[in-house]
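Trainee: Following the hints, complete the assembly by docking chain V onto the known chain Y.
These protein sequence lines are chains Y and V, in that order. When we follow numbering that gives the first Met the number 0, the leftmost residue of the first sequence carries the number 0, and every step to the right adds one. When we follow numbering that gives the first Met the number 0, the leftmost residue of the second sequence carries the number 0, and every step to the right adds one.
Everything labelled a hint here was simulated from the structure, so no lab data went into it. Bear in mind that the values here come from a model prediction, so they are computed numbers and not experimental data. Treat the hints with care, since some could be wrong.
[Unchecked claim] A few chain V positions that, by computed beta-carbon distances, are all more than 10 Å from chain Y: (1) LEU25; (2) ARG34; (3) PRO111; (4) SER134; (5) ALA138; (6) ALA145; (7) GLU210; (8) THR267; (9) ASP363; (10) GLY373; (11) GLY374; (12) ARG377.
[Claimed, not checked] Think about it this way: if two alpha-carbon atoms lie no more than 25 Å apart in a straight line, the pair counts; the simulated DSS-like pairs of lysine-lysine are: (13) LYS164/Y to LYS372/Y; (14) LYS63/V to LYS343/Y; (15) LYS63/Y to LYS343/V.
[Unchecked claim] Stretches of chain V that chain Y covers, calculated by requiring three or more beta carbons in the stretch to come under 8 Å of a beta carbon on chain Y: (16) 117-124; (17) 390-399.
Just so you know, even glycine gets a beta-carbon here, dropped at the ideal spot from N, CA and C.
Number of protein chains: 2
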Amino acid sequence: MGQGKPFETVPGGSVTTPLGFRAGGLHCGLKKTDRNDLGAIVCEVPAVAAAVYTTNQVQAAPLKVTREGLEKEGRLRAVLVNSGNANACTGEAGEADAREMQETFARALGVPPHQVAVASTGVIGERLRMDRVRSGIAAMPEKLRADAEGAEAFCQAILTTDLVKKTVCVKLDMDGKTVHVAGAAKGSGMIHPNMATMLGFITTDAAVGGEALRSLLRQAVDVTFNMITVDGDTSTNDMVVAMASGLAGNDELGPDHPDWSRFAAAFTHVCEELAKAIARDGEGATKLIEVRVEGAASDDDARAIAKTVIGSSLVKAAMFGADANWGRIIAAVGRAGRPIDPAKVDISIGPIRVLEQSRPVPFDEDEALAYLKGGTIRIDVNLNIGTGRAVGWGCDLTYDYVRINAAYRT
Amino acid sequence: MGQGKPFETVPGGSVTTPLGFRAGGLHCGLKKTDRNDLGAIVCEVPAVAAAVYTTNQVQAAPLKVTREGLEKEGRLRAVLVNSGNANACTGEAGEADAREMQETFARALGVPPHQVAVASTGVIGERLRMDRVRSGIAAMPEKLRADAEGAEAFCQAILTTDLVKKTVCVKLDMDGKTVHVAGAAKGSGMIHPNMATMLGFITTDAAVGGEALRSLLRQAVDVTFNMITVDGDTSTNDMVVAMASGLAGNDELGPDHPDWSRFAAAFTHVCEELAKAIARDGEGATKLIEVRVEGAASDDDARAIAKTVIGSSLVKAAMFGADANWGRIIAAVGRAGRPIDPAKVDISIGPIRVLEQSRPVPFDEDEALAYLKGGTIRIDVNLNIGTGRAVGWGCDLTYDYVRINAAYRT
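Looking at chain Y on its own, in the form it has when it is part of the complex (with noise of 0.2 Å):
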């Protein structure tokens, strides 16, 4: 790796590429289809994990099974995914499926039960059919493998129908040591479910301290995953694990380490190629706009006008038909709740600057027209009026997202 090159990405690279990861998937019939509808990631010892939820007060039976896990040692050896039912609003009962997920797998490899965390994704409200289950765990070891293939089922347990596979990864050299970051994704896309539940998966071989990895996994979510919106609803079953073996061999990782924020920026340079891979598929989408808002009083109230602007439903449409619509820009930044100044606002989409001192600027329509039918649109929003800064990403609103969302559940 070159000097001053904080990291680089590893084509083909899978949550499998960091030393001590295995992964698989497999039918178990939780889907109709034949697709994988259960996937595991296993590491060959404890690794050091950290998980963020979701905001959602509903939270599926997992959540809660994975979080109690993880406060008693904060070390993983596995994740456990379903997809084809999210054991959701499913009661003290679907809290035992997902316990009962948890020590099976756990059972099967040989570890704590603590230290297996589940997640599952899909329709709301059903048991999940646990004799399917069960038979799927017992037959998922001899499915696991440290190469591509492994990671791609994995994938494709986690994807239903997502379009496209969200996986990525990066290395970058730590005291000498060669470490990787990667991770794997699963967002919107779901026909036949009934949410849009985001999942993600990180793994690394670096040794990192458990405080500063879940320090680390909480921030970089805040700007990633956190920063994406498809359409403004948040999932009962949204996750985010992050599990660390250390096999690379590099010294324990923290904030006092020298390399610290390099790792922490590949760490969240992966967060982010997911989270636009998410929002680029997201349901029925054809572009990923990226809204960055800098000049605002905070970094927090700049991601409320990100969101609000990337979360309207007039300019994702806007998006879709190639319109350079600033009014319903300035209008989103306008009733997004927190301070701006009215007569200060600039914008421009892509390199066109439309609006300046909140007046219009002349622009050549053809050429925002080519702009806007690009497959990523970028909008800039300069607020004028203080230093705090952020990016979020969304996707545009389109016939097939009202089609795959209108369709009927069965």
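Mentor: The following block gives chain V in isolation, referenced to the frame of chain Y:
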């Protein structure tokens, strides 16, 4: 009017039904079509008046001019409204234009400028063609009529591309006199302009105190116009204006009048009917959705939760698809950021109970489908933790919403 009946609807009634009001509309050339684009309501006496304005921090010029005028005396002789151009994001020149509209119409009527309110709806960021506005204002006085035809011409001038005329009139007995309360509104349904601006105009011939009218209007708007959500976007131009001529001859109404609550109910009913008509006529909408939340910790919590449900794109698309998808409803309840007990939520869709104490209730899918294919869908949510309650209205999310809003501006 029968004893005990608080008020009754006047079939065919309109803003000119209350004594003292004339209205009219004409085409002055702000729209490309030959439809009316300038309208006015005029009162033969200085009416006690009140207004509420958009909460968007970016506010169009006419709102500022109207607010300043009303603050002087709290009385209005007229409102003048143009469509085709919102006069928003037009800077000081736009403010001068709004002021010229006010002053020119005041001169034409022979009244003080501060007794004229102005409102605009249409494209953002373009200057008004004032030559056309001036010639329209000059022609307006002879268009004013005290009958239904005048009200109709006014409605056409504010409707732009709304599909349905939104007008309502009720009458009730006060101190042995017949008092009328009427309203007209425009809502979403604007294809060419950029914003789904909402404008409401209430006329009454009741004698009402100024402070009483102001607080009544604010309270009524809070539970009606402010409880509709078409797409969550708030226009820079939203405004509701109420004028009371006092010509019915009743004793001045205020909180101390024995029949105040009955008048307030009639006034609120007028606002509610207009709000529901706006929601039902949302861009591309095929259904009115009414969300009732009860059992919340406070009314304010109930309002926030109702608006989150009614604003959920996933819920809206499910209603379009006649899908009794309660998973999306409880997920929206859970992410509203207000206190709930995730284990205690009841949900009904129309007459069909689908969730009880957060557990799914088996229901007949055919019965649900038949109900959801109707034109009005009611969703009841009981949080079972308090006595707070609220009602909100919205519409479904359809292919036509996307088509309308993805359409290029020109």
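Trainee: Under the criterion that the straight-line Cα-Cα distance not exceed 25 Å, is the pair LYS164/Y, LYS372/Y satisfied?
Mentor: Holds. LYS164/Y to LYS372/Y sits at ~24 Å (cutoff 25 Å).
Trainee: At 10 Å, judged by beta carbons, does GLY374/V keep clear of chain Y as stated?
Mentor: Check passes; 16 Å lies beyond 10 Å.
Trainee: Examine each Cβ of chain Y, and state whether all of them lie more than 10 Å from the Cβ of ALA138/V.
Mentor: 29 Å, holds
Trainee: Is the listed coverage of the region 390-399 of chain V by chain Y valid when you require three or more residues with a beta carbon under 8 Å from a beta carbon of that chain?
Mentor: Coverage by chain Y holds here, the residue count being 3 at a Cβ distance below 8 Å.
Trainee: Run the distance test for LYS63/V versus LYS343/Y: straight-line Cα separation, threshold 25 Å.
Mentor: 17 Å, holds
Trainee: According to the definition I'm using, a residue is off the interface if its beta carbon is farther than 10 Å from all beta carbons of the partner; does GLY373/V meet that for chain Y?
Mentor: 16 Å, holds
Trainee: Does SER134/V sit more than 10 Å from chain Y, CB to CB?
Mentor: Per Cβ check, SER134/V is outside 10 Å of chain Y; nearest 25 Å; holds.
Trainee: Classify the label on LEU25/V as holds or violated, using whether its beta-carbon is more than 10 Å from each beta-carbon of chain Y.
Mentor: Given that every Cβ of chain Y is farther than 10 Å from that of LEU25/V, nearest at about 26 Å, it holds.
Trainee: Verify this for me: three or more residues of the region 117-124 of chain V with a beta carbon less than 8 Å from a beta carbon of chain Y.
Mentor: With 3 residues closer than 8 Å to chain Y, the region 117-124 of chain V meets the three-residue bar; holds.
Trainee: Beyond 10 Å on every Cβ pair: is that true for ASP363/V relative to chain Y?
Mentor: It holds; ASP363/V is separated from chain Y by about 13 Å at its closest Cβ, greater than 10 Å.
Trainee: Over 10 Å to the closest beta carbon of chain Y is the bar; see if THR267/V clears it.
Mentor: Consistent with the label, THR267/V stays out of reach of chain Y, its closest Cβ about 25 Å off (over 10 Å).
Trainee: Evaluate the condition: distance from the CB of ARG34/V to the nearest CB of chain Y exceeds 10 Å.
Mentor: 21 Å, holds
The structure is consistent with each of the numbered hints, conforming to all of them.
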